[in-house]
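K.L.:
Start from the sequences, fold in the hints, and give me the full structure.
So the protein lines, in turn, are chains A and B.
Numbering follows my numbering, with no gaps: position 113 of the first sequence is 235.
Numbering follows my numbering, with no gaps: position 46 of the second sequence is 71.
What the hints contain is simulated information worked out from the structure, not anything from laboratory work.
Careful, some of the hints might be misleading.
[Unchecked claim] Covered, in the sense of this in silico footprint (three residues per stretch, anywhere, with C-beta under 8 Å from a C-beta of chain B), are these stretches of chain A:
1) 259-272
2) 428-438
3) 469-475
[Said to hold, decoys possible] Heads up, simulated DMTMM-like pairs for lysine to aspartate or glutamate below, C-alpha to C-alpha not over 20 Å straight-line:
4) A:Lys186 <-> B:Asp135
5) A:Lys500 <-> A:Glu414
6) A:Lys186 <-> B:Asp67
7) B:Lys69 <-> A:Asp216
8) A:Lys520 <-> B:Asp67
9) A:Lys520 <-> A:Asp420
10) B:Lys69 <-> A:Glu182
11) B:Lys173 <-> B:Asp157
12) B:Lys69 <-> A:Asp178
13) A:Lys193 <-> B:Glu136
14) A:Lys339 <-> B:Asp135
Where is the CB? At the ideal position from N, CA and C, for every residue including glycine.
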Amino acid sequence: MTIALGETDRQMLEGRSGQARRMAMSIIVRMAEVYGAGELMDISQAHIDGCGLMSDAGLEFAEKLTAAGGKVIVPTTLNMGPLDLQDWRRFVTDEEFAAKAVRQGKAYTDMGCVPTWSCAPYQGYLTPRFGQQIAWGESNAICYANSVLGARTNRYADYLDICAAITGRVPKCGLHLTENRRGQWLLRLAGFSRALLAEEVFYPVLGHLIGAMVGDKVPVIEGMPANASDDQLKAFCAAAASAGSVALFHAVGLTPEAPSAEAAFQHRPPERVVDISPQDWYHAWDDLAGAEQGAKLDVVVLGCPHLSFAEFRSLIEAIREAAPAKAADGVDVALLTCQQSLALVERTGWLAELEAFGARITRDTCVFHTPMIRRDAKVLMTNSGKCAYYSPGSLGMKVALGSIGDCVRSAVAGRVLRRRPG
Amino acid sequence: MSGTSGTTRQRRTMQGRAVVAGPAKGEAVVSAQPISLWGGLDAKTGEVIDRRHDCSGRIVTGRVFVYPWGKGSSTASAILLESVRLGTAPAAIVNCATDPIAALGSIIADELYGRCVPIVVLGEEDFRSLSDGDRLSIAPDGAVTVEKP
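P.N.:
Structure (structure tokens):
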């Protein structure tokens, strides 16, 4: 298949704009062939996920681009990295790993990326606009940008993201195009009580359920509360993009491309209609409890994706309700966030309360990329569907999902205490 | 061998689409479930580590990893690239829907190291005809020859 290239594209591909752009454009063009795209198009913002995982190959790739003069030509933010840059010695004893991680971060910032180091980039600097064509990595952020903001991105995998940022070009296909943003499956929530819909865990559990159900289809959801908050939608996206490949969903009356179901389906019939009952939801809830009620708890992880200011507030409220307001001995409470949220939290009195509780804040990174979890830890509790999905394989731990309140009460008791919602 | 489908008693050739072109041979490790290679594959050991996956605990190094499509994390490309660097990568990947994230990992491995993981997409019926332990030969044009054990 031939890709129709513009004059600037050809200049880049032939190495007339430097070797970094040549390599980046070569990868973009080969990926256009993979996607079956006939041409390329402009993007005006990028978010890099390839800076997150510390691997020797990833470091070689980033340093090769930097050494070849690679510079981003659109505003570009960074996902979390492999280290808490200010405080990495707390967890990382392997100096070689740390030195490589610092080099990898530097390679990306040398290319002009903004050092946001956040996996919730939609809650920080450079939030994309409705309809804006962007190239984002990080599955939860992709889902949020497409669905909640109405910006347009495909699922840019690690290393394609920086190629897009360096060239400003992507294959013209997929969710960049209006017709592919059409809803495919209609999912109708039926019979849910007001109380269950108001639960914090309603969203990550629903995301887990729907992700596993639809795979990579575009679901249109009827019956999601119209007042869902940014953080609730973030929790839904993270779970749906882990249990499945959901890069775009529409929630009728809630997300911007779904003022009505008809609009979300672009006036065509759904390919499939599925009713989702509270029984289905409780089945998913049960599926997210690999650790049993009452099991000895080792670690609580909050902030997957990174905690927002509002989530810190919920946590503080839960801690103030706990008695005593202190985690049991032997329970680590890991709070993951980014510098931007932390800067706001630092302007409150909460840091002292969090410290008194025994919680420790880590910024710029997460439990999957830096060795934060102690080796003998077996049971983890989290409010995140994504963290619950990946922890058994990536960390080898048993996991229970609960609300922030459940996590706080469990930390205090030193045992998994999940309140059955609804 | 021609690119058209042909059947003998033990050997059968099916025409797929070469997503990342290259020759490969190996024993099939067949999954009925989609996978995210990040959180799903350990690049150091080549083991499938998604404990919810039907291939959990299996080693894909040097084998043809057959799974329907990729899902989940966009870090999957980094895992495949690193597995190429470490020599733990599958010999090839066969899907029934294009997994662009795996394709990218393979293409970057080609750009960086001059070695890729060939990836072929088969039609659904052909894909479903594959079983664990089949010997697969993959041609650069996307033809997949199957020998049943």
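K.L.:
State for each hint whether it applies.
P.N.:
Now for the hints, and whether the structure bears them out:
no. : hint                  : verdict
1   : 259-272               : holds (count 4)
2   : 428-438               : violated (count 0)
3   : 469-475               : violated (count 0)
4   : A:Lys186 <-> B:Asp135 : holds (14 Å)
5   : A:Lys500 <-> A:Glu414 : holds (12 Å)
6   : A:Lys186 <-> B:Asp67  : violated (25 Å)
7   : B:Lys69 <-> A:Asp216  : holds (17 Å)
8   : A:Lys520 <-> B:Asp67  : holds (18 Å)
9   : A:Lys520 <-> A:Asp420 : holds (10 Å)
10  : B:Lys69 <-> A:Glu182  : holds (17 Å)
11  : B:Lys173 <-> B:Asp157 : holds (9 Å)
12  : B:Lys69 <-> A:Asp178  : holds (11 Å)
13  : A:Lys193 <-> B:Glu136 : holds (19 Å)
14  : A:Lys339 <-> B:Asp135 : violated (30 Å)
In this structure, the hints that do not hold are numbers 2, 3, 6 and 14, in rising order.
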